[in-house]
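There are 4 protein chains.
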Amino acid sequence: MSEIKKIGVFTSGGDAPGMNAAIRAVVRTALYYNVEVVGIGRGYEGMINGEFYPMNRRSVANIIQRGGTILKTARSKAFMTPEGRKEAYNQLTNQGIDALVAIGGDGTFTGAKIFGEEYNIPILGLAGTIDNDLYGTDFTIGYDTAINTVTDAVDKIRDTAESHDRVFIVEVMGRDSGLIALRSGISIGAESIMIPETKTDIEALLNRLEMSRKDKSSRIIIVAEGEEDSGGAFHVADVIKNRFPTFDTRVSILGHIQRGGKPTAMDRVLACRVGVAAVEELLKGRKAEMVGLVHGKIAFTPFDHAIKHHVEINQNLLRIVEILSL
Amino acid sequence: MSEIKKIGVFTSGGDAPGMNAAIRAVVRTALYYNVEVVGIGRGYEGMINGEFYPMNRRSVANIIQRGGTILKTARSKAFMTPEGRKEAYNQLTNQGIDALVAIGGDGTFTGAKIFGEEYNIPILGLAGTIDNDLYGTDFTIGYDTAINTVTDAVDKIRDTAESHDRVFIVEVMGRDSGLIALRSGISIGAESIMIPETKTDIEALLNRLEMSRKDKSSRIIIVAEGEEDSGGAFHVADVIKNRFPTFDTRVSILGHIQRGGKPTAMDRVLACRVGVAAVEELLKGRKAEMVGLVHGKIAFTPFDHAIKHHVEINQNLLRIVEILSL
Amino acid sequence: MSEIKKIGVFTSGGDAPGMNAAIRAVVRTALYYNVEVVGIGRGYEGMINGEFYPMNRRSVANIIQRGGTILKTARSKAFMTPEGRKEAYNQLTNQGIDALVAIGGDGTFTGAKIFGEEYNIPILGLAGTIDNDLYGTDFTIGYDTAINTVTDAVDKIRDTAESHDRVFIVEVMGRDSGLIALRSGISIGAESIMIPETKTDIEALLNRLEMSRKDKSSRIIIVAEGEEDSGGAFHVADVIKNRFPTFDTRVSILGHIQRGGKPTAMDRVLACRVGVAAVEELLKGRKAEMVGLVHGKIAFTPFDHAIKHHVEINQNLLRIVEILSL
Amino acid sequence: MSEIKKIGVFTSGGDAPGMNAAIRAVVRTALYYNVEVVGIGRGYEGMINGEFYPMNRRSVANIIQRGGTILKTARSKAFMTPEGRKEAYNQLTNQGIDALVAIGGDGTFTGAKIFGEEYNIPILGLAGTIDNDLYGTDFTIGYDTAINTVTDAVDKIRDTAESHDRVFIVEVMGRDSGLIALRSGISIGAESIMIPETKTDIEALLNRLEMSRKDKSSRIIIVAEGEEDSGGAFHVADVIKNRFPTFDTRVSILGHIQRGGKPTAMDRVLACRVGVAAVEELLKGRKAEMVGLVHGKIAFTPFDHAIKHHVEINQNLLRIVEILSL
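One line per chain: the protein sequences are A, B, C and D, in this order.
In terms of UniProt numbering, the first sequence is residues 1 to 326.
In terms of UniProt numbering, the second sequence is residues 1 to 326.
In terms of UniProt numbering, the third sequence is residues 1 to 326.
In terms of UniProt numbering, the fourth sequence is residues 1 to 326.
Warning: the hint list may mix true and false statements.
[Stated by the list, open to error] Which chain A residues stay away from chain B? Per the calculated CB distances, all over 10 Å, these: (1) Lys-199; (2) His-295; (3) Leu-317.
[To be verified] In the PhoX-like style, the derived pairs of lysine-lysine whose C-alpha atoms are separated by at most 20 Å in a straight line are: (4) A:Lys-297 / D:Lys-6; (5) D:Lys-6 / D:Lys-287; (6) B:Lys-6 / B:Lys-284; (7) C:Lys-5 / C:Lys-287; (8) C:Lys-287 / B:Lys-297; (9) B:Lys-284 / B:Lys-308.
FYI, nobody ran anything at the bench for these hints, they're computed from the structure.
Every residue gets a Cβ at the ideal spot worked out from N, C-alpha and C, and that includes glycine.
Isolated chain A (complex conformation) (with noise of 0.2 Å):
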């Protein structure tokens, strides 16, 4: 395999925070080997569009604490079509850009996937997502600091749930995946979890209830984005609405809070550590895999497999809300 001179690096999909954690670490270390690096801005959309800027030390100086991306992220619709991705392999020669760093999640590992095969361009990927969805790594870059900020902001819902005896019930993101709503749901002592990948049974959660009337003066369920089983949070509400007419009953939904803030230290170290292992794997010739952190270890998974591979819910987690909330 040929030498590799000029890395590019981008983010795509969701914005997730250590995104900038991660870009620092991939530049950083490309110019410890002395290899040239660019950030290409807008994901795929700016590499079709050209949107190229060559990075130094001084580029990524001060980032690694900030939310969001300054590489900024879209999705494109021009990189599905045979046409796009063309484009996009022209404006990398002409740039003479002979590898690339993927940060996103599954949509962005697919498309790096088609891109680097029919191209044979040696391409990293790096697990950016708050969802946690994907499989190959403990821990996506952004999934920790979500969980704290679901936390914080429950935490805050809280004090005024206690202050009123109020039943809340907080819809958090994940449309295909509780992970989020599970470890934050463990994080605040929800009373109860609803989540898509779990039949949701709400005559249980209704006993419950029933049970705790006199032991509880407030109470808080969370409800994950993609639960449809139960209608969705307002719909849990007004159930619960009809049964207990004296509970006074809320619905909050989180929204997109749960994307931005500071990355959490545990987020900044597994950017910088998948960062660092990209760049060196890419000078090895390694290609078309993520690189994640399984077990406190670099691991690396093919791309298919990283995006195809449903991530299980741990049975054992939904055992601890139940046992913690009774």
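Model the placement of chains B, C and D on the given structure of chain A, informed by the hints.
Okay, now just chains B, C and D, sitting in the frame of chain A:
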């Protein structure tokens, strides 16, 4: 007037960060002057139902930093009836409570005014509400914390808005008032602010968006809950989507997180100052007034003035939003 | 007076949270009035060395929430000499800068007063310092943030103090002033506060500790950096250890964390208000004054008054500490 | 083995954020299995002195988010003597406590091992310490929070370091271990990290500072409390001042803030998982082991292994610091 031997303190209406700091101040000041003090649970409702808790120094230890209210709060229909107030009076008499400190907003003070007159009980009020909609104090207890909570939340939204070049319409609390929207709007560098107190000119906003098209990557528009001309946050979003289909426009309703959280230093200091003053003034024979802080000095306002007077919007702050967001 | 065409803005002296919000306000207001604006790096030192950065709207985008100052700050010996100021003047003339906004504290304004008089340059000042030690504004930019930073830090110390029944002596910033100590002391519920402005009576403190022996599990004593009677935080700790060998007494020096961090909403709003006013007033011909906020209204104070007048300690706040901690 | 009817839970040694979440988990799990549970105050000291508090569901309501430990903690000389342990055993017998969950660090487990053997009491331990210096769990309860507290504090210091182009030497906790320094050093983008586990080469550091002279405006050097080669933070500062008199070099000792604060989501989830497992395993007859989390799964380690084994520094993390700070 007969000497005061036992003071009752309670929180009523919506909870606000800093209420605990106020309770602590009232309790410790009463004890400092060797006056007994009783906490009344759930506001007027608890007064009627006899929820009385004798307080000592330890009862309020380590609560100055906690959100919500340890005495809980509620709205009381019963207290709006003469029978309810009679029962409340009997309960106080049985307890030997001969003066009250009421912590809450306009509803709380309306009740306090009537009750104090009907039964000739000395009552002083502390402005505890995030809405800052009371006359006779520069800030209400909880307002500064709510503004900072909104600011932190929208700073997070800004991260993702910047990363995706999005327009966000953010709805903040304020059913009858734009005071939260106005201050937090300046604090987060909002593009525009829509509040009930002023005519909302959506055309003007659309023109601003048009003008700044090339100039800006993300935009945050703050809409007060009670703002109606615009049709609300979702309607504003629809109007913008129609006019600028290429913009990625989103809505976020901040909701109940705005009531909770640790009180800021300013809210704690305010609560301590008015709490101490309320007890000292009760002991001097003052009654039927709200104790506020005006221009850094303790000020007293009759209950009916405190709630009747409309708090005016500072037009200069609106000008600042326009100048700084252009 | 000749019309102003180009304004220079700089930060000088110790950095304070909110300086960036002030820079943003000055830059955008100038552009709003179609006046050019130049950022000057490293205060007077950069003025002499010619560190000039033309500013546009984007130069100050997304900085309102950042701590520190993007223009950097420094202390300048050279500017204290006539030669240094002459060089500074020549640099400004070469740049065509015909007016200045100086953001800093007393040292900054002392220089501004002399420089403005020597070369007849209109200069207005913004109070940017965490110390709140300037006459002519209720709060300086950065003060509220510093108070909240101290409060958050001591809330953490309180957790461990409570868990171990410890006495903590916490030193906060304030070389010549106890204003940070006083407000944060109330905010965190300090047992006692020691400040330069008042005689420190350690015997009285020891008696209080004796009295509350059974009553209290943890105690926090706040000592201002500049407080001397007591001999400083470590000496106070020694005195307490001698008198109460069974107490577990510790010292914590908060140090430089007090200067950094995201500005609070209050500091951002303050910075925006005075920043807008400074430019508007410069254009109206005002000069040699500090622009502050007094009782919620913009106020102007000649530089020499702003720095000469001693800011008095609010005795009422000292009383509150005593009442609430007894 | 006889059936367990009443479990005692206590915290011992230095406090750590998340201890309350662990207490809550132990109490609620015991009640879930219809086993009585008693809180023991002040660790072994309180066991000897008979500080016993019967716990119910409400006893641990709303504490999951609180720093410190509601049961308080202490170090006990008396428990190191056979007489002390005999008295402790008598107290437990009088209370009918037939099993224990000990939350703390190596000192706590050393005592638990001896006590459990002497009196044949089943005891399981939870790793509650910010130092992460126990073998048999990937993270100890409190470590992640401490890392984030250091990160937030140094992010603030970075603001002022950047504004003044300063070099900061920051001392973090870790008497015998550099684990806090190492992880937080990566998280805040430290220039260099000095820890007890590795030889500190100050010359190398000075050379790095020389090399990056033009390249960098601010630098943060993290020194672990227990690091000795360097002579400590103040000595490192002196060496740098001598070699680079023009650098503005400062020292900051973070101190006790590192032990307090709200636990992070990760520490809360960890505490819940091991707390539930401890009670379930006690009921199954397990004893004399620490319950940890290894690679995401509950793991058990005999007390003497947990404390004897030295936790190794991840050399790869040291490499990352060097690569990313060059």
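Now the hints, each set against the structure:
1. Lys-199: holds (28 Å)
2. His-295: Check passes; 31 Å lies beyond 10 Å.
3. Leu-317: holds (25 Å)
4. A:Lys-297 / D:Lys-6: violated (41 Å)
5. D:Lys-6 / D:Lys-287: Answer holds: D:Lys-6 to D:Lys-287 is near 15 Å, not above 20 Å.
6. B:Lys-6 / B:Lys-284: holds (14 Å)
7. C:Lys-5 / C:Lys-287: OK: C:Lys-5 and C:Lys-287 at ~15 Å, within 20 Å.
8. C:Lys-287 / B:Lys-297: violated (31 Å)
9. B:Lys-284 / B:Lys-308: violated (26 Å)
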